[in-house]
Amino acid sequence: MIINTLKELSSDHSGVMLNLKPSNNEKEFKEKLEKIINTYAKGKENPENKKAISQEIKKELENLDIWCRETAKKDNSHVFKNIGQVIKHSFKALANIGNKEAFKKEQKEVGIYMDAITHANKNTKQTLERIRATINKHKSSLPHSITTPENISQKSKRGSVER
1038 MIINTLKELS
1048 SDHSGVMLNL
1058 KPSNNEKEFK
1068 EKLEKIINTY
1078 AKGKENPENK
1088 KAISQEIKKE
1098 LENLDIWCRE
1108 TAKKDNSHVF
1118 KNIGQVIKHS
1128 FKALANIGNK
1138 EAFKKEQKEV
1148 GIYMDAITHA
1158 NKNTKQTLER
1168 IRATINKHKS
1178 SLPHSITTPE
1188 NISQKSKRGS
1198 VER
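Plus 1037 on top of the position in the sequence shown (first one is 1) and you've got the numbering used here.
Misleading hints may appear alongside valid ones.
Below, a list of computed lysine-lysine pairs in the DSBU-like style, where the Cα atoms sit at most 30 Å apart [unchecked claim]:
{"hint": "1", "residue 1": "K1129", "residue 2": "K1141"}
{"hint": "2", "residue 1": "K1088", "residue 2": "K1129"}
{"hint": "3", "residue 1": "K1118", "residue 2": "K1095"}
{"hint": "4", "residue 1": "K1125", "residue 2": "K1064"}
{"hint": "5", "residue 1": "K1142", "residue 2": "K1067"}
{"hint": "6", "residue 1": "K1072", "residue 2": "K1110"}
{"hint": "7", "residue 1": "K1081", "residue 2": "K1142"}
{"hint": "8", "residue 1": "K1111", "residue 2": "K1067"}
{"hint": "9", "residue 1": "K1072", "residue 2": "K1088"}
{"hint": "10", "residue 1": "K1145", "residue 2": "K1067"}
{"hint": "11", "residue 1": "K1137", "residue 2": "K1087"}
{"hint": "12", "residue 1": "K1111", "residue 2": "K1125"}
{"hint": "13", "residue 1": "K1067", "residue 2": "K1079"}
{"hint": "14", "residue 1": "K1067", "residue 2": "K1096"}
{"hint": "15", "residue 1": "K1079", "residue 2": "K1095"}
{"hint": "16", "residue 1": "K1069", "residue 2": "K1118"}
{"hint": "17", "residue 1": "K1142", "residue 2": "K1072"}
{"hint": "18", "residue 1": "K1118", "residue 2": "K1145"}
{"hint": "19", "residue 1": "K1067", "residue 2": "K1110"}
{"hint": "20", "residue 1": "K1095", "residue 2": "K1064"}
{"hint": "21", "residue 1": "K1125", "residue 2": "K1072"}
Between beta-carbon pairs, the in silico distance windows are [to be verified]:
{"hint": "22", "residue 1": "E1085", "residue 2": "K1044", "range": "17 to 27 Å"}
{"hint": "23", "residue 1": "E1082", "residue 2": "R1167", "range": "44 to 54 Å"}
{"hint": "24", "residue 1": "T1171", "residue 2": "N1041", "range": "34 to 44 Å"}
{"hint": "25", "residue 1": "K1142", "residue 2": "N1113", "range": "23 to 33 Å"}
{"hint": "26", "residue 1": "G1135", "residue 2": "N1075", "range": "26 to 36 Å"}
{"hint": "27", "residue 1": "K1141", "residue 2": "S1048", "range": "18 to 28 Å"}
{"hint": "28", "residue 1": "D1152", "residue 2": "I1172", "range": "24 to 34 Å"}
Note that these hints are calculated values from the structure, not bench results. Using N, Cα and C, we set each Cβ at its ideal position, and we do this for glycine too.
Hey, can you work out the whole structure from these sequences and the hints?
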């Protein structure tokens, strides 16, 4: 489950990479994901080393989670915060694999954060469009020179009554 999620995150079609390009963290993030995915593939090829490889994957995922949190703090990027949440809830899902209800709950959380990540670009554009529409709707019909901050402050000074 978690490996499929990571593969989806690393695909160029997910929208995640588009959101990362402006932050210059795309290459490093993709390398970290590919390392985890390759480690998982090695484990499938060598089932006798399954436990050691599982521990290595867990360690790499924890490192990715730490990297995401640190990067989110530096860039103030919600994409990395959401990726960290995907990893956290994937771990919880794996821990609750015997408890069907808890497992489903964590899977649902993973899905919510994946949607937030993959649709971040679209959501940002929609939000900006709503803001622009609201601003345009409430724009004054007065000429621009009348509504500039300088003119407004001059008018308020002229309109005040001195005693």
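Here's how the hints hold up against the structure:
For the hint pairing K1129 with K1141, the CA-to-CA distance comes to about 10 Å; that is within 30 Å, so the pair holds. Simply put, K1088 and K1129 have alpha-carbon atoms about 19 Å apart, close enough for the 30 Å limit, and the pair holds. Proposed proximity of K1118 and K1095 is supported: the alpha carbons are some 19 Å apart, at most 30 Å. Taken as a hint, the K1125 and K1064 pair is honoured in the structure, with Cα atoms around 22 Å apart against an allowance of 30 Å.
Restraint check for K1142 and K1067: the C-alpha separation of about 28 Å stays at or below 30 Å, so the hint holds. Straight-line distance between C-alpha atoms of K1072 and K1110 comes to about 23 Å, which keeps the hinted pair within the 30 Å bound. The straight-line distance between the Cα atoms of K1081 and K1142 is roughly 27 Å, inside the 30 Å bound, and the hint therefore holds. For the hint pairing K1111 with K1067, the CA-to-CA distance comes to about 18 Å; that is within 30 Å, so the pair holds.
For the suggested pair K1072 and K1088, the alpha carbons sit about 17 Å apart, so the restraint of at most 30 Å is met. Using a Cα cut-off of 30 Å, the hinted pair K1145 and K1067 holds, with the two alpha carbons roughly 24 Å apart. For the proposed pair K1137 and K1087, the alpha carbon gap of about 24 Å is at most 30 Å, so the pair holds. For the suggested pair K1111 and K1125, the alpha carbons sit about 20 Å apart, so the restraint of at most 30 Å is met.
In summary, the hint linking K1067 to K1079 is supported, as the alpha carbons are separated by about 18 Å, within the 30 Å threshold. Note on K1067 and K1096: the hinted pairing holds, with a Cα-Cα distance of about 17 Å set against a maximum of 30 Å. Under the criterion of a C-alpha separation no larger than 30 Å, the hint pairing K1079 with K1095 is consistent with the structure, at around 14 Å. Between K1069 and K1118, the direct Cα distance comes to roughly 16 Å. Compliance with the 30 Å bound is thereby established for this hinted pair.
Between K1142 and K1072, the direct Cα distance comes to roughly 28 Å. Compliance with the 30 Å bound is thereby established for this hinted pair. Between the alpha carbons of K1118 and K1145 the distance comes to roughly 17 Å, so the proposed pair stays at or under 30 Å and holds. For the proposed pair K1067 and K1110, the alpha carbon gap of about 19 Å is at most 30 Å, so the pair holds. As the CA atoms of K1095 and K1064 are separated by approximately 21 Å, the hinted pair is consistent with the 30 Å bound.
Restraint check for K1125 and K1072: the C-alpha separation of about 18 Å stays at or below 30 Å, so the hint holds. The hinted range of 17 to 27 Å is satisfied by E1085 and K1044, whose Cβ atoms lie roughly 24 Å apart. E1082 and R1167 have their C-beta atoms about 50 Å apart, which keeps the hinted 44 to 54 Å range intact. The supplied range of 34 to 44 Å is met by T1171 and N1041, whose beta-carbon atoms lie about 40 Å from each other.
Distance hint check for K1142 and N1113: the Cβ-Cβ separation is about 29 Å, which falls inside the suggested range of 23 to 33 Å. Evaluation of the 26 to 36 Å hint for G1135 and N1075 yields a pass: the beta carbon distance comes to about 29 Å. In this structure, K1141 and S1048 meet the distance hint of 18 to 28 Å, their C-beta atoms being roughly 25 Å apart. Checked against the given bound of 24 to 34 Å, the beta carbons of D1152 and I1172, roughly 28 Å apart, stay inside it.
In terms of the numbered hints stated before, the structure departs from none.
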